[in-house]
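Here is what each chain is made of, one letter per residue.
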Amino acid sequence: MTELYSKFLEFFHNLLHLPVLAAEKNGAPVDHLIIYIHWLMIALFIGWFLYFVYCLWRFNAKRNPKADHAGTKSHMSSYIEVGVIVAELFILIGAAIPMWAKASDVTKIPDADKATVIQVVGQQFAWNCRYPGKDGKFGKQSMTFVTSDNPFGVDPNDPDGKDDVPKTSFAEMHVPVNKPVICYVSSKDVIHSFKIIAMRVTQDAIPGMRIPCWFEPSKTGRYQINCAQLCGNGHSTMSSGFVIVDTQEDYDKWLAAQPTAGGGAGGSLE
Amino acid sequence: MSDHSHSTEAHKHSPQEVSKHVKIYIGVFLALLVGTVVTVGLNAVHFDSIKLTVAIALFVAVIKASLVACYFMHLISEKKMIYVILGFTAFFFVGLMFITLSAYADLPANTVTH
Amino acid sequence: MEIPFTSKPRPDTGIYNSKVGIWLFLASEVMLFGALFSAYILLRVGAPEGTWVHGLLNIPIGTFNTAVLITSSVTVVLGWASLQVGNFGRYKFYQAITILCALAFLGIKSYEYREKFLHHEVWLNHKIKVKHGHQEVETDRIIGHLEYEGHHQYFWNTKRLKGTPEEKDKDGKVIKAAVPPVESFKMIPDAFHYTMTPKELAHARKESAGVAHEEIEIKASDVKRLSAFVPSHSTYFAIYFTLTGLHGLHVLGGAIVIFYIWGPGAKMWKTDPQRYMNRVEVSGLFWHFVDLVWIFLFPVIYLL
Amino acid sequence: MQATTHTESHKGAHDAHHHHHEPGFLQKYVFSTDHKIIGIQYGLTALAFLFFGFLLMLCMRWSIAEGANAAQIKDYVIRPIPLVGGLLEKLLGDVAPKGIMSADLYNSFGAMHGTIMVFLAIVPLAFGAFGNYVVPLQIGAPDMAFPRVNMASYQFYFIGGVIMFVSFFIPGGAAQAGWTSYSPLATTIPTHGQAFWLVGMVFLISSSLLGAVNFIATIIQLRAPGMTWMRLPFFVWAQFVTGFLLLLAFPPLEAAGVMQLMDNVFGTSFFLPTGLAVGGRLADVSGGGSPLLWQHLFWFLGHPEVYVLILPGMGVVAEIIANNTRKSLWGYKSLVYSVLAIGFISFIVWAHHMYLTGMGTKISAFFQTTTMIISIPSVIILTCLFISLWGGSIRFNTPMLFALAFLPMFGIGGLTGLPLGFAAADLHLHDTYYVIAHFHYVVAPGTIFALMGGIYYWFPKMTGRFMSEFWGKVHFVGSFIFMNVVFQPMFIQGMAGMIRRMADGGLNYSTFKNPGAVGGLGADVMNMHKIILIGAVCLGLCQIPFIINLFWSIKNGKKATSDNPWGSTTLEWQTPTPPPHGNFDKEPIVVRGPYDYSLPGKDKDFTPQNQA
Ligand code: HEA
Ligand code: HEA
Ligand code: CUA
Ligand SMILES: [Cu+2]
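Residue numbers (our numbering), protein chains in the order written: chain A, 1 to 270; chain B, 271 to 384; chain C, 385 to 688; chain D, 689 to 1300.
Extracted from the complex, chain A is given alone in its bound form (with noise of 0.2 Å):
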């Protein structure tokens, strides 16, 4: 049974097209619910068009030449149609209420000492990423420190910042697999918009807020980020980053590799 429902369900994940979902956590419950209303959808969309073709052919003027004023006069059929609407209405609402669970799931942000914490900043038009380093902070930051050299805003005078590991204007941001990542989502100038498609996750990257998004990668891989926001000329070249989906070990393999903002080599969070 359940084996037939995820048939089903594969179904429509196809014929509506759906990408590849490569963050099955906080991706199924997106994936179902906008499968679930599109079965909405499509069963008030026949029913109605059923009804509005039978409608047309048989009330045409050539074989119902003198209309009824009132239409529907039996009471029969005003009874079914008030039905109907009620139906539509409890589906509407009702259906809203289970689904919002699910979307309080989505929205719901992990632990951050159970995940992966990432800082990552818009700007025209290339993204930034940043990772706190060995001591697991943060270096204090502020907009008021933003300049084109410091996207972060990062305090110079704070030592938690030395360890931090920053990549500027990146082509690949490496996270571990199943486990949640956090983004923490801001930009240094215009509106942007962080999306990896196959994960599931948008957040709008506004200057002057930082704002939390959650994903949990559940295949290694290489997957596309975008921007999508208009932020100017060159929106469309900024779907140019890639999130990399490693193991644990090859993840903090690769992050003991990379320069810190201190000097030197960064370290895994333990």
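Only true hints are included.
Sample of chain B residues with no beta-carbon within 12 Å of chain A, all distances over it, derived:
1) Pro-285
2) Ala-301
3) Val-332
4) His-344
5) Met-351
In silico DSSO-like cross-links for lysine-lysine, where the CA-CA straight-line distance does not exceed 30 Å:
6) B:Lys-321 with C:Lys-500
7) C:Lys-608 with A:Lys-140
8) C:Lys-654 with B:Lys-349
9) A:Lys-253 with A:Lys-140
10) D:Lys-1246 with A:Lys-66
11) D:Lys-778 with C:Lys-557
12) A:Lys-66 with D:Lys-1290
13) C:Lys-651 with D:Lys-716
14) D:Lys-1201 with A:Lys-167
15) B:Lys-321 with C:Lys-583
16) D:Lys-778 with C:Lys-554
17) C:Lys-476 with B:Lys-349
18) A:Lys-162 with C:Lys-511
19) B:Lys-321 with C:Lys-590
20) B:Lys-349 with D:Lys-1021
None of these hints come from the bench; they were simulated from the model.
Even for Gly, the Cβ is constructed at its ideal location relative to N, Cα and C.
Start from chain A and add chains B, C and D with the ligands according to the hints.
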């Protein structure tokens, strides 16, 4: 045209009525001046709580505004249609102010501004 | 067919056309100023430390201006009441006061604007000593008048210090003369700063009353930012000028309409007195609304 | 027919009354205060802008399709736009080098396509043109309540349009920040297009505000005797609510526009936060502003605005359906209450455009709820229209075909609004072509079809002649097919992750370019660009019969045999054709509801509102 017009005579008030109104206008005028002085005076006091200061200042302003609206603009004895229009407006005005502000107050957990 | 209810009210609604029109228009005005007020609140709540200006406006003048506007409001309604009893002469008199008040309001407002444009704030790269009241404090931000080559200056900003090169058109003719860069200028500092708490500020103001200010020579190379009290100075002045400017435009517009009805348009009193009274009433409603906006503006931007 | 005879005599009377000041051409057609002339002015200007907006879009679709093409040609070569490429280079200069569309030009065209379509084409056509022409007639009024304000409102619109149009030709071109003009982008782009956009918008907003005041006052005050609220044709109700939406939603955008203008011209920081580093330099601004404030104020207008785009269309469709099913509308009261409910709720759903800007769970729950709630009155309206078909005697003339097609098209557009209304689903769909497809289904095959139907329907009233039925049907069938060819694939593209406002059609993250990466656009998705381009070109071609038909029929169309050729019940058909200045010779007295078709016991199958 005939149909609507005969029922309404000129829209004038009697002199007694008007002189009564004039008294009210003068009264409101004085009240507004007093209100202004009160607002300025309160400001000199410097309450410790900024919230209290704001609340009092706005309270006085609301009273003054209602006086103007009710008496100078005759809202106190206006026709229903005007109330309906203003009712809509009030609804949307409150929506605009209240929802926008609450949107700012409710950000995702751990969001940092500035 | 002619358009009905231009002067007499429609029986079932009880109002004439232009009254519905003006109330609808005022409804949209409510939303316009409502949006600006909510912008004000958000900017104020979101202002970073030390950027929200307060206590710099001239309260006595603002209070006086408020009284002027309130007076104009009562004369409008008194003028209308005079028409109701057929006293055209008294109406003319009251509306004349209204128009004068409107002009006075605008005049005073312009004077206040000018005062602001003459005032400057300078953000310095390092701290210097200034007198606040009797106290000497160290600060890197001073407000006050700016003097250069013996004159008070308007509208100066950081760019002005750097000067601008000559501008030539295609044929090499000079279209804009070069402005030489500034090496140093004088500030006559105020004995207070808007970053103080209201209490401190009032105190410093009181203490410094009558005390002569010493001029401070400031090198352009020490300046991080310089700005007159113009909209770009801070979000406070941005919203201050936007709100009062827009309100001022309403005052101007209202005054023009009232003047038109009072002067050139007064012929209608002879031909269609009912419609004339309607016009006076409708323009009055607009005028009261302008007054009403000011009633909120005044405490919000002058006092809070 | 009785109406005709009494017309003749009254035409005479009218002329006699007016002969002492026969107005000149300028007075009669350019500076007219007659609502019918103003309506036609609005209509022609708006249609011209509709066409212009479409041409912009054709250029953009070429640029997008080239994205798909370039990968198959070697070295990603982009070819110039055929036919107009050279012209663009001549007219606009650097932004169209060698007739190739630069990203700057793409963004300009995109922003202006949205702006023109919404503010200069559909609103003026639906509200300005149809509202002006039809509403006073339908309520039995001699004109609008404030005819000179009405003229001013058209003139403001015209000036706004000219400013928008001129902005294409200034150095750097027109606004580039999308029709939504999000700050800080709108402020940091160094060209002056945005300032023109804002000034143009101030004029357009003022025009709409004047129009809205006028419409509402007219409907409240100038209804003929006996025309009670519940006897108003549904079209009038729709316009009434539309008027309120414009009246109360536009001012906040006007305020926001003024603030953004201050940001752009006077260097303020209303929408600019502290610490902005643009183009590698710290911006020289005070900071302290809020980019989200712009979005709130924009969408506070933006959402009611979309109902401004659809409600008049629904009104037109209701009129046409009642007339061509020859029966009363089912559930007139539910229709009225639904349209009022839409009006109310549309003011409290705006932030569903902003789910991804960082919104707490409480606020997003609020907006999700209101968004779901607002779809209910839309469902009720559609349901009523559907049930109205039952028991009818349906005539398939051109207006009716457009009106009928509106129903499933709006259905598709509306239903696809539902997944967007859920924050979690919107996470994936936001700013993709799914959104583009959603709203184009409501505004293009939706509203445009409704308005096309309206043009065919009221044409005989305006001119006394019909438009050609045959060419009308050709226009309909072609438009119907190609609208779907254009917009249906966009759902799939969007679902597959195609992001909007991409000058290269997403080439940069297609699997053509990055074969190894997951989440890029596949060849199937990219190749749909070409189908859409062909569809869009054909869609344009299908409009040619319409344009010719429209102008040709004014003089040469089949003559309408009476003042009421469709056999309609509403008042606009109970006047002479075309209606004289002042509309009615004798004030109509309304004695019945708007849709008394096929009343039992009557010999005709329609009973006009002013007949016992
Ligand atoms: C006329 C215009 C119009 C209309 C009517 C609507 C109607 C709706 N819209 Fe849409 N919308 C837009 C125009 C419109 N929208 C535009 C222009 C944008 C994008 C702006 C931009 O970003 O640039 C947008 C974007 C937009 C978003 C933001 C998406 C995003 O950016 O991520 C959302 C989210 O909630 C949304 C939701 C809705 C909903 C729930 C409705 C509901 O009101 C719909 C209710 C209708 C129904 C539910 C249909 C009922 C029909 C049936 C039941 C019958 C079935 C029919 C047949 C079988 C024949 N819309
Ligand atoms: C009312 C609104 C409206 C309408 C009607 C349309 C109509 C169309 N739109 Fe538009 N569109 C928008 C509003 C609208 N659009 C908005 C708001 C955006 C977002 C902009 C942004 O990103 O900021 C957008 C964006 C947009 C995009 C996405 C661009 C991008 O993201 O990069 C695309 C892509 O294909 C598109 C296509 C089309 C097409 C093919 C039509 C067709 O349906 C057009 C059909 C019209 C015709 C075929 C012309 C008919 C002409 C006549 C009948 C002429 C008669 C003339 C005389 C008699 C003089 N539109
Ligand atoms: Cu960054 Cu689009
Ligand atoms: Cu919306």
